[in-house]
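Asks: Go by the hints and put chains Z, W and D onto chain H.
Protein chains in written order, with this note's numbering: chain H, 1 to 195; chain Z, 1 to 195; chain W, 1 to 195; chain D, 1 to 195.
No wet-lab data here; the hints were simulated from the structure. Predicted model, so just to flag it, every value in this text is computed and none were measured. It cannot be assumed that every hint is accurate.
For chains that are exact copies, the list does not tell them apart, and a pair is met inside one copy or across any two.
As the list claims (entries may be wrong) - Taking lysine to any residue and the SDA-like style, the derived pairs with C-alpha atoms no more than 20 angstroms apart in a straight line are:
1) 145 <-> 118
2) 26 <-> 106
3) 26 <-> 166
4) 3 <-> 63
5) 26 <-> 87
Number of protein chains: 4
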Amino acid sequence: MSKNRLEAFSDGVLAIIITIMVLELKVPHGDQLSDLLPLWPVLLSYVLSFTFVGIYWNNHHHMLHAIQHVSGSVLLANLGLLFWLSLIPFATGWMGENHFAPVPVAFYGLLQLMAATFYWVLQQRCIATQGANSLLQQAIGNDWKGKISLLAFAVAVALSFIHTGLALAVYGGISVMWLIPDRRIERALRAARTG
Amino acid sequence: MSKNRLEAFSDGVLAIIITIMVLELKVPHGDQLSDLLPLWPVLLSYVLSFTFVGIYWNNHHHMLHAIQHVSGSVLLANLGLLFWLSLIPFATGWMGENHFAPVPVAFYGLLQLMAATFYWVLQQRCIATQGANSLLQQAIGNDWKGKISLLAFAVAVALSFIHTGLALAVYGGISVMWLIPDRRIERALRAARTG
Amino acid sequence: MSKNRLEAFSDGVLAIIITIMVLELKVPHGDQLSDLLPLWPVLLSYVLSFTFVGIYWNNHHHMLHAIQHVSGSVLLANLGLLFWLSLIPFATGWMGENHFAPVPVAFYGLLQLMAATFYWVLQQRCIATQGANSLLQQAIGNDWKGKISLLAFAVAVALSFIHTGLALAVYGGISVMWLIPDRRIERALRAARTG
Amino acid sequence: MSKNRLEAFSDGVLAIIITIMVLELKVPHGDQLSDLLPLWPVLLSYVLSFTFVGIYWNNHHHMLHAIQHVSGSVLLANLGLLFWLSLIPFATGWMGENHFAPVPVAFYGLLQLMAATFYWVLQQRCIATQGANSLLQQAIGNDWKGKISLLAFAVAVALSFIHTGLALAVYGGISVMWLIPDRRIERALRAARTG
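Only chain H is shown next, with the shape it has when bound in the complex (with noise of 0.2 angstroms):
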């Protein structure tokens, strides 16, 4: 089965996610920088989600680029992602809003918690349509970017309670983590060439 028509699904979707999301940012009844002002919350909401979701379509590139063939599992596994990342758009505007209130601020962590769950339980199905020996599996090797967001997002969730800043901090750090260019794949890739 071709991965084509997935890569193409799914792009479409987190195309769809990362724009609507501007939505949220209702344009002001003033014209003045003042009127504009009180829209940070919102917008560093924004520039958060974007970032993530970015992320996801980048690491998403990457890894369908690693592996030759699609299973049913995987587009299942794919489709689970799509829906708890399509929430984020939701969790970023009531976020927003409400100024990074504890409650809502633990909800955004919650929904990045489950998105890179699914992304986790993805990888584990695209590695398994490798069988023994995976490509996939080597590039990413004990994966431990992946098991600190994990961790890091529930302890974010917990730290919204005590003091929402660090929690913000703590899904900034995350983001930063994985902007920074990663070439685990790339350079898996192209040993697996060359080798």
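Replies: For chains Z, W and D alone, coordinates are given in the frame of chain H:
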């Protein structure tokens, strides 16, 4: 005539349908968990429709994979299917915001019935492009899943006026039936290649 | 220059146009069938516009299939066509929410006339990329359907101020004329291959 | 690493950005031409932004056409460009609904300046993937259009506070400058093939 753009356009429309449904999940004004709870019927409707659109995408993917070229009537039947599916977000919102009242639940089932009917028409037009000994025809066999779905949606529409819970159970049952990976087309394709 | 991305971008824009129109179908507050009935003009407008955008996608698909490469002026003409089509959801909503009042019905026809004009321009630019003996030119022949559509839209704009029902009948007639599968391009392509 | 999905994702995001802007054109309640007239600032803003996003898509298309593969930093720079472009619908709506008041007009120019800057960064990262004798570098030459645009947007932001008409004239001028078909990349590509 190539089927690539038919796939691309359908992927685009399905990706948008599945994603704009989340816009019905309006961000609540309060910042407590109790402000989130009243959204459960809208969320549940969303989960149901997300699953159905995901299944349609999956099946559409497989069906087009099994044919070689598309005819004018395939394009037309596909447009008809997309039309009915494009009304799903509306029906989902109406059902969710009215806490699963009888008429919206029946209306939802009626739309699903129309979509399923057009899917069946599209399938027939696809089979027709392959002539006798159609690979797709062999793959779907007597298409009991498609027939059961049509019947079950019709029954659920009637059940909506007796007890909406029963109708929703039928909708859920149909979605679960399709979510269980179905290897008919994959198997037939493999058999066709090896035999 | 490859035509793949032109197709992909146009598919994307057309898929979004055809889908966001459904957002004008606002979910009614009541849960009875009687709450749904007042929506009929919006729904009818939606059906009409869905059909037109679907036809544009179909014809666009065929036209680009018949050419080999795209020029800068093709890209520009295509952008112009997409611009006018992007206003269709607005005109559809205005017409539907005002129960087919004369001015909105005329405005709708005017937009369709602009879109049809730009489609004609795009077609001419596509033919120009093929030089004399253009395959596309042979395929469309004297393009009587295109010419009739332009004329009919112009007439319908005027008719809107006499009786909107007549204008709507013309719009419906044009859409039906195009829905009937047209094998000109398919036939010309086949002839070109075999001859 | 293949550039196909980068193109597909960017096409998707650009197609959505260009299309959701039309949602700011709210359907008026009255059914007369006079009800449509107050929308002219929103419509004019829309035309301007549609043109700019169309130009970005066009240039993006050409730029990626001229390179062979993408690096991690290309993906990142592309995400940055899409981020700034995703804010264009917001700025367009704010400018249009406030009848081109100074602050929204300046804000619009500032966003365009950010987008143009990130486009320049992306272009540099694309050139870097080709090493010395970059085909893309030869194609764009000294990139006077890009440099003029950056300067002109900066000047227009300042002009907004003197006379918004001047700033808008600059925005319009930049868009016209880019709309005139530019054969630099096409010519360089052809020269590279034949020479």
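Asks: Tell me the numbers of any earlier hints that the structure contravenes, in ascending order.
Replies: 3
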